[in-house]
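Asks: Next come the chains, spelled out residue by residue.
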Amino acid sequence: MFQPVQGYRWYGYIAGALLVSLVVVLILQQTPPRFRKPLIRAITLLGGLFYALEFFLPTHPMPTPEDPQRVGNFLTPYVVPFGNTSVIIAAWTVGLGFINLVQVHSRRLLRGAEGAFNSAVLLISMAVMIVVHILQKVHPNAINKNLHHLLFDGALQSLDATMFSIIAFYIVSAAYRAFRVRSVEATFLLVTAVLVMLGQIMVAQAVTMHLPHNLHVEVIRDWILTKANAPATRAIAFGLGIGGLAVALRIWLGLERGSYFEAQE
Amino acid sequence: MEHASLTVQILLPLISVIIVATILMARRRQLFIRRIQGLTAIDEAIGRATEMGRPMLCCPGLGGIDVPTLQALSIITYIVRASARFGTRVIVPVSDPTTFPIIEEAIRDAYVAEGRPEQFNSNDIRFLSNRQFAYAASVAGLIWREQVASCFLFGLFYAESLIFAETGQQVGAIQVAGTPSTTQIPFFIAACDYVIIGDEFYAASAYLSREPTLLGSLVGQDICKGILILLVLIGAALVSLAPLIGPPAGQWFFKLFQ
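Protein chains in written order, with the working numbering: chain A, 1 to 265; chain B, 1 to 258.
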């Protein structure tokens, strides 16, 4: 629907989009509070209606060069551009998150409050990362690329991996508490967990291989996972699916009450 | 793009009509809702934080603007309103920048609704990071530094769930968790005091607010679950009886759900 443009037209589109956004924000700001909720409800209803109709209306073949098997209806071509608006809104809100971070930490830094050093490290790291990323995009020379690689892949990714690896120790600590034999349920949990864990290792499989087939530890493990665990998980998923649908319906039809929406009269 | 099959075209509107109908019916009569231990524990956790004079942490998870996060926000709003009455501080770390303004506004409204707008502190509704483990490290740090008395973990969680729950456990916080992420429920069960499982998560706002609309929706959900259980039982019976009645009946039934 919207084809990429180049040159002066690109700048024109950007300026036009900014102008339209500004006008929309101004209109929303000027809307009296008593009209804001009906306005939000109307937009939510229309947005939901678009996706509901696109999903339910009869389809016919609509091949494209990228997807020759595509089927759809008259609304299908608008799904991607419509969905892109949420990406644009998300891009704006990243700015809000950034402002909040800077506000919280610069206040703490200026007051010299406890943890001010950490706030300084955060603000400096943020500024350095932004500058390096922009430099790497604008002037992708070897120095900028290496600097970006060092900070992003060398530091940030490694820190992420460190946090992820800590989970292993937390699992041991949580498992120790969960598997303590304090009740009948905890004993069942312990026995089941031990059987599943034994079923994963070769030694236990080798020890039980001379027993009848149904007593092989890997067979018991598979039975627990597929006949006991999977149905229970599916049952939870069924409930969650219907619960999610009910909440979505309430929000879509403006029936949600009593939480962040106004209480029922 | 995915489109509705014939069965979905029948089942989904049917379920929607049942839920909306029960909502409309519930506005005219009183409905009963059974006790949900995990949700009752929310008041206990708020009371404990108030007695200890320490803050509470409400974590809405890693979700963006989606149904689980909105549901989590509904529970968090209840917690904020209850804590505002006792003057207990609530810290809300946010991971998704799109939800940040919504959460901030909802919490400000909650304080205003309780007549305590001066208790709202914008520093306590904090955007931390949208990177999963940077967020996890920040929340764990917050729990340690602030020595929170209660942790509420509601929303979408992934691998970081255990980092939050174990850190809360280490500082001795009373923890209540609820998530639709079925893979994270075992971790919460191992590390939290109370866990809201499955569709109890979506029943939370009805349970806490007792609004007729939400209670009606809950009854509608139960009726729909009954229909799905019936369909599962019919499928199981057709498979089990296939040697007696022949496979075509079962095959016809299964084709409906393909």
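Since the hints were derived computationally from the structure, they do not count as laboratory data.
Honestly, I wouldn't trust all of these hints.
[Said to hold, decoys possible] Below are the BS3-like pairs computed for lysine-lysine, each with C-alpha atoms no more than 27 Å apart in a straight line:
# : chain 1 : residue 1 : chain 2 : residue 2
1 : B       : K225      : B       : K255
2 : B       : K225      : A       : K145
3 : B       : K255      : A       : K227
[Said to hold, decoys possible] Pair by pair, the computed Cβ-Cβ distance ranges are:
#  : chain 1 : residue 1 : chain 2 : residue 2 : range
4  : B       : R28       : A       : L225      : 15 to 23 Å
5  : B       : L256      : A       : N214      : 28 to 36 Å
6  : A       : L225      : B       : G172      : 49 to 57 Å
7  : B       : L6        : A       : S183      : 42 to 50 Å
8  : A       : V25       : B       : L256      : 26 to 34 Å
9  : A       : A186      : B       : L241      : 36 to 44 Å
10 : B       : T182      : A       : Y8        : 19 to 27 Å
11 : B       : H3        : A       : L225      : 28 to 36 Å
Backbone N, C-alpha and C fix where the C-beta goes; we use that ideal spot for every residue, glycine too.
Asks: Decide, hint by hint, whether the structure agrees.
Replies: Comparing the hints with the structure gives:
no.	hint	verdict
1	K225/B <-> K255/B	holds (21 Å)
2	K225/B <-> K145/A	violated (55 Å)
3	K255/B <-> K227/A	holds (23 Å)
4	R28/B <-> L225/A: 15 to 23 Å	violated (47 Å)
5	L256/B <-> N214/A: 28 to 36 Å	holds (35 Å)
6	L225/A <-> G172/B: 49 to 57 Å	violated (35 Å)
7	L6/B <-> S183/A: 42 to 50 Å	holds (48 Å)
8	V25/A <-> L256/B: 26 to 34 Å	violated (48 Å)
9	A186/A <-> L241/B: 36 to 44 Å	holds (39 Å)
10	T182/B <-> Y8/A: 19 to 27 Å	violated (52 Å)
11	H3/B <-> L225/A: 28 to 36 Å	holds (33 Å)
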